[in-house]
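Participant: Sequences listed follow chains D and H, in order. All the letters of the first sequence, read from the start, carry residue numbers 111 to 472 under my numbering. All the letters of the second sequence, read from the start, carry residue numbers 111 to 472 under my numbering.
Think of the hints as simulated: they come from the structure by calculation, not from any bench. Keep in mind it's a predicted model, so treat the numbers as computed, not measured. A hint or two may mislead.
One copy or any two copies: either way a pair holds, since identical chains are not told apart in the list.
[Stated by the list, open to error] Calculated pairs, EDC-like style, for lysine to aspartate or glutamate (alpha carbon to alpha carbon, straight line, at most 20 Å):
(1) Lys206 - Asp462
(2) Lys405 - Glu224
(3) Lys321 - Glu200
(4) Lys405 - Asp222
(5) Lys206 - Glu463
(6) Lys468 - Asp222
(7) Lys468 - Asp118
(8) Lys321 - Glu254
(9) Lys206 - Asp281
(10) Lys343 - Glu320
(11) Lys131 - Glu390
(12) Lys445 - Glu421
(13) Lys206 - Glu324
(14) Lys343 - Asp222
(15) Lys321 - Glu273
Number of protein chains: 2
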Amino acid sequence: MSETPHKDADKRREITEASLKQLGNLIYEQIQNREFPWIMMQSRSTDNIIYDPELRQYILGSRTTRRHARNIRHIRPFTQMVWTAWFARELVSMRKTSTLREVYYSARGQQDIEFSGQPESDNIIIDLEVALNRPREDFGIFPEERSAIFGDLTIEYTVPGYEGRRMNLTDHPDGVMVGPAVTSSEFVETSADKVLVIEKGAMFNRLIEEKAHERFNAILVHTAGQSPRSTRKIIRRLNQQWGLPIYIFTDGDPWGIHIAMVIISGSANAAHLRDLATPEAKWIGVWGTDIIDYKLPTENLTEHDSKRLRELKTDPRYTGEIWQREIDIFMKIGKKAELEAFSRYGLTYIVDEYLPAKLESV
Amino acid sequence: MSETPHKDADKRREITEASLKQLGNLIYEQIQNREFPWIMMQSRSTDNIIYDPELRQYILGSRTTRRHARNIRHIRPFTQMVWTAWFARELVSMRKTSTLREVYYSARGQQDIEFSGQPESDNIIIDLEVALNRPREDFGIFPEERSAIFGDLTIEYTVPGYEGRRMNLTDHPDGVMVGPAVTSSEFVETSADKVLVIEKGAMFNRLIEEKAHERFNAILVHTAGQSPRSTRKIIRRLNQQWGLPIYIFTDGDPWGIHIAMVIISGSANAAHLRDLATPEAKWIGVWGTDIIDYKLPTENLTEHDSKRLRELKTDPRYTGEIWQREIDIFMKIGKKAELEAFSRYGLTYIVDEYLPAKLESV
């Protein structure tokens, strides 16, 4: 499989910069027309977040909201948003990246911009995403979490100083960190025919060591817990652009289940974004069924775990048969199991026995 | 600077395997002599952990202890230790690695080996380190934490399938993950003349993006919080083998201070190990003094922070002038600051102004 490396990244940057400029121009015009400036955006209030069974993800409904400098309660978030847009423009035009935390601290250097804490600044960044209909990664704003990837995929960098340089993701046997450079890279070529997504570093390492990428002809992705958006986007690209089926492998507990679900159907928080969810991806374990069939070492569910399972049971994303069945089993047996639990049968059991059987059956 | 890649890794593996075999032989002999088998080791009880001002790290004192299968209270840890030694031998001879957690779950597959939880199994692994006077990394046992490294350093892999392959650590602009492959690699060549150790991913990314590795001619190391042992060992190798000075840059709070101190002087937990501490390394910030001089955005110290500062104040590792002075300042101003706080002066301030001034002054 191969793809011509068209300069997607450059194009995306141009569009982002244009939309930021447009926002600025709009505000200038409003002021020149002697209006109090305002910004129109889709409402993010809970009653406007709807689960779309067709798209199989949360979306924002049709209600819009106007943030208006005439309204005294809006002045603060309006000003914060304009500053954040300015900061994003700086990042994009200088081709720099920043973490959410750095954005917050950068604002603290400004005399007139006030954030009570990072959550407020994170929230304004989401507003900007909604207003411009673009993910923050396009503005060069990333979270700090790090995930990793490994396998026969050749990428071409687009970050400054590395343009046109290529790397094959088997080059570093500890796994390749997913940061701004991987996220913005182009995918040039792969011989893999599937993607295995793993929640935990220990199992990711195990699969590399057991050459699972060769044995299953797979690209391995490590989410490091709840998958960062950039990693969800990479998973989606591998699925949509390259047609690779995605298999997700998590701890057998409500938190692991939900890590899989967020990759598949997205989160309510990101209801304003597309291109993050991968509805075709499959959660392949650790199931409650696996705990029974493989006699895995377990821990008891805590009260907190049980409460979370009950929440998932009624969540609109969990209507599918497999989810309902497995949630019921976890609740019935009152147990959970970690990925590493398979080590009881030896370190290689998971690649020798479990994964081949699972991939066969789903 | 360059180093002939002698096959250190192979030699280390042979020695490790020999010492594990020796332990097994000893036990066989004892049994054949109709004795209850026993293992002799240095005592790890707190009254045998001593701070050595010469070595500038904690060490174990001269008291030894005998774990004896005749003693009913010793049978459990004795058996656990023999099983762990067997497991380590398997790992070494198959050239595999394992996480601490996988060791625990592997034990759960055994009928007669019982661990009440992972802490008990982690503890027995430390016993094995003490008995054989070798770090668990030599047995192929690693924690799950991940740190990263970046800069002009060429390494040569020794892990199976990659022997003799080289990588330059500037090849991946998101930073190169430190796992078993980097840890066991040989350092072939570098043009760097110093090492900057950074506690946090955001700042590590920032330094890469601002080309700090070129501007300061430095190798950048990201510890991801409290530095894993393997990363401390890498820092020490860069300092001792290559003569590179080490500068550590952490959050300005008691937890950041202690991240620096553990790199410099080690921890009580690892008093039985050498080759982890780097006494010559310098903590360069964020100091309490920096908070004042640079008017950094701060948070108030919590009660928990203050308590920790009082503990550090009387810790034997903290007798040096700079530590006492900075602890006093933090206590006096009652404030702390994060690395990202410098962003208030712009994203590049830290590399344009702060770091050059700091490196000049220490």
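Participant: With identical chains treated as interchangeable, where does the CA-CA distance between Lys321 and Glu254 reach 20 Å or less: within a copy, between copies, both, or neither?
Facilitator: between (29 Å within a copy, 19 Å between copies)
Participant: Reference check for the pair Lys445 and Glu421, CA-CA at most 20 Å: within, between, both, or neither?
Facilitator: within (17 Å within a copy, 40 Å between copies)
Participant: Pop the pair Lys405 and Glu224 into one bin, within, between, both or neither, using alpha-carbon distances up to 20 Å.
Facilitator: This pair counts as between: shortest inter-copy Cα distance 17 Å, intra-copy 55 Å.
Participant: With 20 Å as the alpha-carbon cut-off, assign the pair Lys206 and Glu463 to within, between, both or neither.
Facilitator: between (46 Å within a copy, 18 Å between copies)
Participant: Checking an output row: Lys206 and Asp281, CA cutoff 20 Å. Within, between, both or neither?
Facilitator: Result: close only across copies, 19 Å inter versus 26 Å intra.
Participant: Have a look at Lys321 and Glu200 and pick one of within, between, both or neither, based on CA distance no larger than 20 Å.
Facilitator: Answer is between; shortest inter-copy Cα gap is 18 Å, intra-copy 43 Å.
Participant: Indicate which option fits the pair Lys206, Glu324 if close means a Cα-Cα distance not exceeding 20 Å: within, between, both or neither.
Facilitator: This pair counts as between: shortest inter-copy Cα distance 17 Å, intra-copy 36 Å.
Participant: What label fits Lys131 with Glu390 when the C-alpha limit is 20 Å: within, between, both, or neither?
Facilitator: Neither: 36 Å inside a chain and 51 Å across chains, both beyond 20 Å.
Participant: Is it within a copy, between copies, both, or neither that the alpha carbon of Lys343 lies no farther than 20 Å from that of Glu320?
Facilitator: neither (27 Å within a copy, 26 Å between copies)
Participant: One pair to classify: Lys405 and Asp222, alpha carbons no more than 20 Å apart. Within, between, both, or neither?
Facilitator: between (61 Å within a copy, 17 Å between copies)
Participant: Give the relationship of Lys343 and Asp222 under a CA distance limit of 20 Å: within one copy only, between copies only, both, or neither.
Facilitator: Close neither inside one copy (35 Å) nor across copies (46 Å); limit 20 Å.
Participant: Between copies, within a copy, both or neither: which fits Lys321 and Glu273 at Cα up to 20 Å?
Facilitator: Classified as between; 15 Å across copies, 30 Å inside a copy.
Hints 6, 7, 10, 11, 14, counting from the list given before, are not met by this structure.
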